[in-house]
Amino acid sequence: MDLQTRIENNAIVVTISGRLDAVTAPDYEKRIRELIDSGNSYFVVDFEQLDYISSAGLRALLLMAKLLKEKSGQVCLANVKGNVRSVFDMSGFTTIFNMEDSIAAALAALI
Amino acid sequence: MPGKNSIVIRLVLVITLSSAVIFAVTLGYNYYQSRVILQNELESNARNLAMSLVNKVEIQLTAVTKVTEGLARYVETDKHTEQKLLSLIRTTVENNPEIYGAFVAFEPYAFSAKSRLYAPYYYRQKGKIVFEGLENSYIDYPYPYWDWYQIPRELGKLEWSEPYFDEGAGNILMSTCSMPFYKEINGKKQLQGIVGSDISLDALTEYISSVKILRTGYAALLTRNGTILAHPLKHAIMNDSFFSIAEERQEPFLRELGKKMVRGETGFVHYKSLVGFTSWMYYTPIPSTGWTLAVLFPEAELLENVRKLSMTMAAMGFGGILLLTLAVIYIARAIIKPLQLLTAATDEVAAGNFDVALPAVHSNDEVGILTRDFQAMQASLKEYIKNLTETTAAKERIQSELKVATNIQASLLPRIFPPFPDHPEFEIYASMVPAKEVGGDFYDFFFIDEKNLCFLIADVSDKGVPAALYMMVAKTLLKTEGQRLGEPDKMLSSVNKILATNNDTCMFTTVFCAILDITTGDVRFANAGHNPPLIIDSQGVRYITPKPGLMLGAMTETVFVTERLTLEQEGILFLYTDGVTEAKNPEDALYGEERLQKALQTAPQGDLTNLIHYISSEVAYHASGAPQSDDITMLAIKMTRNNVSIECAGKGA
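Line by line, the protein sequences are chains A and B.
Take 1 as the starting number for the first sequence in the numbering used here and just add one per residue.
Take 1001 as the starting number for the second sequence in the numbering used here and just add one per residue.
Do not rely on the hints blindly, as some may be mistaken.
Unchecked claim - Using 20 angstroms as the maximum straight-line C-alpha spacing, the simulated PhoX-like pairs for lysine-lysine come out as follows:
#1 K66(A) to K1490(B)
#2 K1212(B) to K1056(B)
#3 K69(A) to K1497(B)
#4 K1451(B) to K1490(B)
#5 K81(A) to K1547(B)
#6 K1188(B) to K1079(B)
To be verified - Chain B is nowhere near these chain A residues, computed Cβ spacing over 10 angstroms in every case:
#7 L3
#8 N9
#9 D21
#10 S38
#11 S55
#12 R59
#13 L62
#14 G82
#15 V84
#16 D89
#17 T95
#18 D101
#19 A108
Since the hints were made in silico from the structure, they are not lab data.
Glycine is no exception: its CB is placed at the ideal position from the N, C-alpha and C atoms.
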């Protein structure tokens, strides 16, 4: 997994690529925690280059959503498709996360 | 110890060889430069020597020339009588000891109309001065035809003859200096005759022969046509010329050299002398006669001192290199010794003896530092091994605890098949293979009442001990709530609420939960984010598409929906976790839902045990040795034909 962050429209855009599984999820969780602890509360996670997500990855996303909820923050996922999308559909994550088809739309969807 | 001296040998070789090379080059250069300097000095020395010899010869020759010129002038100006002429010639010979003889030879009838030829000649013989009339000496071949008369007559100037042996008068080697004299008749100069003086060359050649250069070097004199006049080769004197010797020895170089000498050139050459030794020769002409004087310096003797010096230097250098070699051996040994001691000690360490004492450090040099470093390394290795032993022990303890946990977890899942031998209406089989010692997957089945069998499969997020603990809670809750509530949606909602409350770690579990009415084959099911199961019946193998509910534990307010299907006779419902479809091969390709569906089409369907084992082996075949990354859990349930017969039997009873 490779994780890049940048600031766009006062929100953190997180781009993840590769696999988000039991091996990489703790790293993702740690980075997100750091970002949230340093005061960021609006996030867009770009799934464009994510090849695979496991239940551990889902857990990390859930944790992120929970942490943000405590701080009245928001997260919107962008470009959730393919394999990852079917995992989302199957696990019901589609119903609990805001998802958009592009980063721009995701940024617009925040607030 | 193999190669224990290799450093010593290498040091000695490199240092000795390089110093030998440096020394050899220096010595060679020194020898070469000495030669060059010597040669330069030699050229000027040779020139000086040759010039001084030439001067000495020239002084004698000039004296004779002067006498001849004086005689000629006198004969030209004076009106002399015969008596007076004779007395003049005699006095000239008497007064000039360097002169062997003197003559005045007249042109025919020039002296007297009476006599055709007249040529009075006085010369020395045995200490006396003797008279001879040259007109009488050469009867067959009168004097006007001789070279000493003809050449100056024709050239009209003073000439030195080629040296010759005068056999008539005492067999001596002589050369004649002759010049014409004239008389003015009617304002015109008319040749009257030739005046000449003889010089004995014996003294001259003896003088030249007496010149010794170093031990074997010599001076030599050649005539105008290359005849040898003075030379250590006595037999060659007046018998050989430079050219005849060149011819005899077939040496074109000698001929070329001879030509240069005869042309009156001056030169300095390196050549093999006529006597036979290699030498440096300086040659230069004697101006008045055109003879060539050469001085030869034997090379071997010249270079003797340089050679001696070089040999001494070589001997000293050899001694020095020998000394250096010994010093290098000594130093190398001194360095190697502590290294050898250290090596012996570290061999012990390598063999596992960490308590061996390393050699004491006496110095602060590299070996000392190395030894100290080794001491530090030994200490940290010792510490490390100790820690490792402790860690390993701890790990082993955890390992054995985990083993117990594995057994406990396994014993929690129903493992006795068939589980309900008194219920022939259905068959059920399940298996769970954890990826780690303990897993997060589980399955369960239990009767809610007499005819409703609840069965479920679940996958806790994450693996290992946390997942196993969570799984225990989830499994217990699902069973108690299932038995209490009896409907899939209610079961899931209730368990979700309990799990989601205070779920700080955000652990969750996906569950597919179903309740089978074993009398009818009706199945009520609800899905909490789990992989959709497959149904295998007369219509083929296909995935069912349950409504996607959120997994348990994620959000408290999740709503689940109960759906229905009917399992026909011999129909199979196949539940699995993502460990099956996400099993990877070494190329990272997932097993996938498509492969699973195909495998189920070909799988033996008569016995569920075989079916599940078949899928297991297919998954293992796909993985082809790649490590299992997730728990692999499968559950299959099948309605049997016995159902009807039992029902019938029941009705009939």
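In terms of Cβ atoms, is chain B entirely out of 10 angstroms range of G82(A)? G82(A) is indeed farther than 10 angstroms from all Cβ atoms of chain B, at 12 angstroms.
Starting from K1188(B), check that the Cα of K1079(B) is at most 20 angstroms away, please. Given that 20 angstroms is the threshold and the Cα spacing comes to 17 angstroms, the pair holds.
Going straight from one Cα to the other, do K1451(B) and K1490(B) come out at no more than 20 angstroms? Distance ~19 angstroms between K1451(B) and K1490(B) Cα, so the pair holds.
A cut-off of 10 angstroms on Cβ-Cβ distance, and A108(A) was said to be off the interface with chain B. Does that hold? Answer for A108(A): holds, closest chain B Cβ roughly 25 angstroms.
Is K81(A) close enough to K1547(B), meaning Cα to Cα at most 20 angstroms? 19 angstroms, holds
Is the claim that N9(A) lies outside the interface with chain B correct, judged by CB distances over 10 angstroms? It holds; N9(A) is separated from chain B by about 28 angstroms at its closest Cβ, greater than 10 angstroms.
Find the nearest Cβ of chain B to the Cβ of L3(A) and say whether that gap is larger than 10 angstroms. 19 angstroms, holds
Could you let me know if the closest chain B CB is still more than 10 angstroms away from the CB of L62(A)? L62(A) not clear of chain B: closest Cβ-Cβ about 5 angstroms, inside 10 angstroms.
Status of the stated non-contact between S38(A) and chain B (beta carbon gap over 10 angstroms): 21 angstroms, holds
CA of K1212(B) to CA of K1056(B), is that 20 angstroms or under? 16 angstroms, holds
If we take the beta carbon of R59(A), is the closest beta carbon in chain B still more than 10 angstroms away? Not fine: 4 angstroms to the nearest Cβ puts R59(A) too close to chain B.
Is it the case that D21(A) keeps its Cβ farther than 10 angstroms from each residue Cβ in chain B? 8 angstroms, violated
Figure legend: structure checked against the earlier numbered hints; hints not met, in rising order: 1, 9, 11, 12, 13, 16 and 17.
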